[in-house]
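Student: Each chain, letter by letter, is given below.
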Amino acid sequence: MAEVIVDNISKSFDGHKALDGVSLNIPDGSFVVLLGPTGAGKTTVLRMVSGLDKPDRGDVSIGGYSMQGLTPAQRNIAMVFQQYSLYPHLTVRENLAFPLKSPMLKTKAADIKRMVNDVAEVLQISHKLDNKATALSGGEMQRVSIGRALVRRPSIYLMDEPLSSLDAKLRADLRIELKSIQSNSNATFLYVTHDQIEAMTMATHVGVLDQGKLVQFDSPKDLYENPVSVYAASRLGQPRINILPADLFAGAPQGADKIGLRPEQIIQGQGVASTVTRVEHLGDQTRLHLSLASHDLVTVTDPYTRLKAGDALKITPHQPFYFGIDGSRIQ
Amino acid sequence: MSNSTIDRAAQATPPAMAQRVKGFSDRTIAWIFVAPTILILLAINIFPLIWTIYLSFTNFRVNRPNNEVEWVGLKNYQRILGDSDVWMTMQATAHFLIWTIVLQVLIGFVLAYLINKKFRGNDLWTTIIVFPMMLSPAVVGNFWTFLYQPQIGLFNYVVSFFTGVDPASFSMIGEVDLAPWAIVIVDTWMWTPFVMLICLAGLRSIPDSIYEAAECDRATKWRQFWTITIPMILPFLMLAVLFRGIENFKMFDLVVQLTGGGPGNTTTLTSIDLKREAFEKWRTGYSSAYAVILFVTVFGLASIYVKALNRVKQR
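If you're matching them up, the sequences are chains A and B in order. What the first sequence shows, in this note's numbering, is residues 1 to 331, in sequence order. What the second sequence shows, in this note's numbering, is residues 1001 to 1315, in sequence order.
There's no promise every hint is true.
Away from chain B, derived, C-beta distances all over 12 angstroms, residues of chain A [as the list claims (entries may be wrong)]: (1) Lys-179; (2) Glu-264; (3) Asp-284.
To give a feel for the contact side, a few chain B residues facing chain A, derived at Cβ under 8 angstroms [what the hints assert, rightly or not]: (4) Thr-1058; (5) Glu-1068; (6) Glu-1212; (7) Met-1232.
With a straight-line Cα cutoff of 35 angstroms, these simulated DSBU-like cross-link-like pairs (lysine-lysine) come out [said to hold, decoys possible]: (8) A:Lys-179 x A:Lys-128; (9) A:Lys-221 x A:Lys-179; (10) A:Lys-106 x B:Lys-1118; (11) B:Lys-1117 x A:Lys-213; (12) A:Lys-128 x B:Lys-1250; (13) A:Lys-128 x B:Lys-1221.
Hint data in this document are derived by calculation from the structure and do not stem from the laboratory. Yeah, the Cβ is synthetic: ideal placement off N, Cα and C, and Gly gets one too.
Using the sequences and the hints given, assemble the complete structure.
Tutor: In structure tokens form, the structure reads like this:
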């Protein structure tokens, strides 16, 4: 395991800027999640660290050594690809053993067998070990592909949306499993996702990417409580943060264009009058869709609320976020 | 009677097909559609095959239709299998088959592997390499006789350029030792591009991400080649061998044009020999037996091979 430093990396593909001066400091033993929509450059960062692509500018160093010009094999990384990329003519067992059979390692056959069995157990694919890789469901292929990374002890695990094709229950199981693997072995993870729950539950640090730029790098808690911009604030929170014109409520500071209100930043029963347009009972909570001066917003209330569509509800902001015209936070 | 839209639409729809052609079951209709094809197949494929098998047990000669046809039993088969000349042509065919397949698969795969590397102008190169395949075998046979010409032939000149041998001192199609190789070289020149195209299709079907995964798993290029490229391209290679094998078992035009089966009988492949027996010597019964033997050989080899191919594909 090792500290990984991404230093001011830029990369263009056919004139399109995929990464623009991204710097990341991934401490040893941390679980860093890169968050952002499709095309933000998350996968490109992974490929730079892995060595599959070379940056136009900037450098990656692992464990204090510059990785310039080194191949993925020389960097000692393990990567999980979004499109599985299993070896189709091999069995699950052979796929899992593949990285252990590198001539650089010289692992004993008995050890290989034990490690493969262990990792298969963790990922709940022991019963499929002798199947061909092509005779698996999408979720099983994805688990094998995660397993192929986990059998090794690389400097860093790189994972590209590894849970995206799994069903909800398995995803929840593996989320916990991956997190415990990481904290038990003190492994370093760089993990790409667009799922905010994965980011919130597993990450020690979250990096938010927007069009090739790193806009914020913080712990999930800090990112949630202290976003630097509208964009960063919109990454986390369920239901999403409400972004409204700042002048809807009194008390906006100088230069504020928008006010950002998470559900817990809205106090109900006092302040400005709004209308309830829809009530969604989700069991553990109830979502209220409100209309305030022809702006829509969503907040939550207790599960046993008597409110119904058409009712009036007064609301007032409580320690809200204010954003300037360019979208950046105003303190 | 209501005049709703649905009712009017229902009235406008013609009665069902099955109702109109009363008396025909679905099965009958299916047979009516398939019948023409079956009849044509029977007329031009199955009947001649059975007729050939019948003729192979007789001494029938098609140029003497008035002679009485005599049942000779297995005599034709005994004569063919006991004839050392026939075994010579079998040997010539085996030599031609094995070497064309080996060379074409090897060279075709290497070319495909190189062309598949991303470099500028590889599309143009593909087109250039594929060119020989587009020519007529008769044309190819004809102009290679010029290339092989000892005094003015480009082939002899190139060989002498690299080895220093006098170009006029050897004749590729005139010498007993060289002629079998002359036809192998021409067929390889002409059909290697075909094998290359099949291999190229195979190579392009392997996703880049598998190589990237192997790269991250620290497999060397050598190991990637043997554990990813070769197994994944094997079904394609085997298909190429099947195509080329069947084609070359039937080889006629190119070799007739090039060597005419000579010198002596050294390049008389079975198909050439068969044509001579049937349509020059007019021994119809004898050549029918010959054809049956060839048919059984090819059919047997091909079915064994296809089984193997399917097993590889399922892996």
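Student: Could you run down the list of hints and mark each one as holding or not?
Tutor: Here is how each hint holds up against the structure:
1. Once the 12 angstroms rule is applied to beta carbons, Lys-179 (chain A) is consistent with being away from chain B; the minimum gap is 22 angstroms.
2. Separation of Glu-264 (chain A) from chain B is adequate, the least Cβ-Cβ distance of about 42 angstroms exceeding the 12 angstroms criterion.
3. Under the 12 angstroms C-beta cut-off, the non-interface status given to Asp-284 (chain A) relative to chain B holds; the minimum distance is some 40 angstroms.
4. Taking 8 angstroms as the C-beta cut-off, the interface hint given for Thr-1058 (chain B) is violated, the closest approach to chain A being about 52 angstroms.
5. Interface restraint check: Glu-1068 (chain B) against chain A, minimum CB-CB distance 62 angstroms, threshold 8 angstroms, status violated.
6. Proximity of Glu-1212 (chain B) to chain A holds as hinted, the smallest CB-CB distance being about 5 angstroms (cut-off 8 angstroms).
7. Against a cut-off of 8 angstroms between C-beta atoms, the interface hint on Met-1232 (chain B) holds, since the closest Cβ of chain A lies about 6 angstroms away.
8. Our distance criterion of 35 angstroms between C-alpha atoms is met by Lys-179 (chain A) and Lys-128 (chain A), whose separation comes to about 24 angstroms.
9. Among the hinted pairs, Lys-221 (chain A) with Lys-179 (chain A) is consistent with the structure: their alpha-carbon atoms are about 17 angstroms apart, no more than 35 angstroms.
10. For a cut-off of 35 angstroms, the pair hint linking Lys-106 (chain A) to Lys-1118 (chain B) stands: about 34 angstroms separates their Cα positions.
11. Under the criterion of a C-alpha separation no larger than 35 angstroms, the hint pairing Lys-1117 (chain B) with Lys-213 (chain A) is consistent with the structure, at around 33 angstroms.
12. Taking the CA atoms of Lys-128 (chain A) and Lys-1250 (chain B), the gap is about 47 angstroms. The hint is violated against a cut of 35 angstroms.
13. The hinted pair formed by Lys-128 (chain A) and Lys-1221 (chain B) meets the criterion: a straight-line CA distance of about 29 angstroms does not exceed 35 angstroms.
The structure does not agree with the numbered hints 4, 5, 12 stated previously, though it agrees with the rest.
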